[in-house]
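Asks: All chains, please: the whole structure from these sequences, using the hints.
Note that the protein sequences, when read in sequence, are chains W and H. Per our numbering: the first sequence = residues 4 to 117. Per our numbering: the second sequence = residues 770 to 883.
Just so you know, not all the hints are guaranteed correct.
Said to hold, decoys possible - 16 Å max Cα-Cα, derived EDC-like pairs, lysine to aspartate or glutamate:
hint, chain 1, residue 1, chain 2, residue 2
1, H, K810, H, E853
2, H, K805, H, E772
3, H, K822, H, E836
4, W, K70, W, D30
5, H, K810, W, E8
6, W, K104, H, E813
7, H, K787, H, E836
8, H, K787, H, D854
9, H, K810, H, E772
10, W, K109, H, D854
11, H, K788, H, E836
12, W, K70, W, E6
13, H, K807, H, D854
14, H, K810, W, E6
15, H, K805, H, D854
16, W, K104, H, E827
17, W, K45, W, D86
18, W, K104, H, E871
Quick caveat, the hints were computed from the structure, so don't treat them as lab data. Quantities reported herein were computed from a predicted structural model and do not represent experimental measurements.
The lines below spell out each chain.
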Amino acid sequence: QKEVEQNSGPLSVPEGAIASLNCTYSDRGSQSFFWYRQYSGKSPELIMSIYSNGDKEDGRFTAQLNKASQYVSLLIRDSQPSDSATYLCAVNLNSGGSNYKLTFGKGTLLTVNP
Amino acid sequence: DTEVTQTPKHLVMGMTNKKSLKCEQHMGHRAMYWYKQKAKKPPELMFVYSYEKLSINESVPSRFSPECPNSSLLNLHLHALQPEDSALYLCASSQAGTAAYEQYFGPGTRLTVT
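Replies: And the structure:
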């Protein structure tokens, strides 16, 4: 069974701190990795995509990918209370033959305390 | 602002009703998706349309019937649903249906089956 696993959380950080969210995946052939943010009662919102090993920065967000270790992470710098949400890691996993589908981890609930 | 729209936002239906969920995207994407999300769970893929053809059906019961009238529109026809089908139904779109590309979600339809 091909899987995406995330820290179960919840993760609680003080305002202004760095929040670190981690994800591992089982399919070495995966090429595309995404982080979504989902507020309670809302739909997932894409915040980062990463395709190559290394770091990718976008404002306060940094995604890190290590394909050899099958590990992807999201760092949120200067965390704000508005960052409090569930963060979903998503990976394109092979679902048989040439078919790939986006597979989500169970999500990590982040709470940023003022 | 999302460029994937869904109607209705909320739907309550009885087990003998027939209803439809609608999705429209304005991003020129050629792949569209239906996901189902239960509370505190990640989205689960139901169907993928690529270039207006059904490419993936995740063994979804026949009481759910998808339709893609054109590259911008996606419908999900519902008939004889069960209470356990109550969930948030999410539509998404992407450049193509290989899961390698970023998927953008609509706001969802919250469905309650009574």
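Asks: With reference to the structure, classify each hint as holding or not holding.
Replies: Cross-check of the supplied hints:
| no. | hint | result |
| --- | --- | --- |
| 1 | H:K810 x H:E853 | holds, 14 Å |
| 2 | H:K805 x H:E772 | violated, 19 Å |
| 3 | H:K822 x H:E836 | holds, 9 Å |
| 4 | W:K70 x W:D30 | holds, 10 Å |
| 5 | H:K810 x W:E8 | holds, 13 Å |
| 6 | W:K104 x H:E813 | holds, 10 Å |
| 7 | H:K787 x H:E836 | holds, 15 Å |
| 8 | H:K787 x H:D854 | holds, 14 Å |
| 9 | H:K810 x H:E772 | violated, 24 Å |
| 10 | W:K109 x H:D854 | violated, 20 Å |
| 11 | H:K788 x H:E836 | holds, 13 Å |
| 12 | W:K70 x W:E6 | holds, 15 Å |
| 13 | H:K807 x H:D854 | holds, 9 Å |
| 14 | H:K810 x W:E6 | holds, 14 Å |
| 15 | H:K805 x H:D854 | holds, 9 Å |
| 16 | W:K104 x H:E827 | holds, 10 Å |
| 17 | W:K45 x W:D86 | holds, 14 Å |
| 18 | W:K104 x H:E871 | holds, 12 Å |
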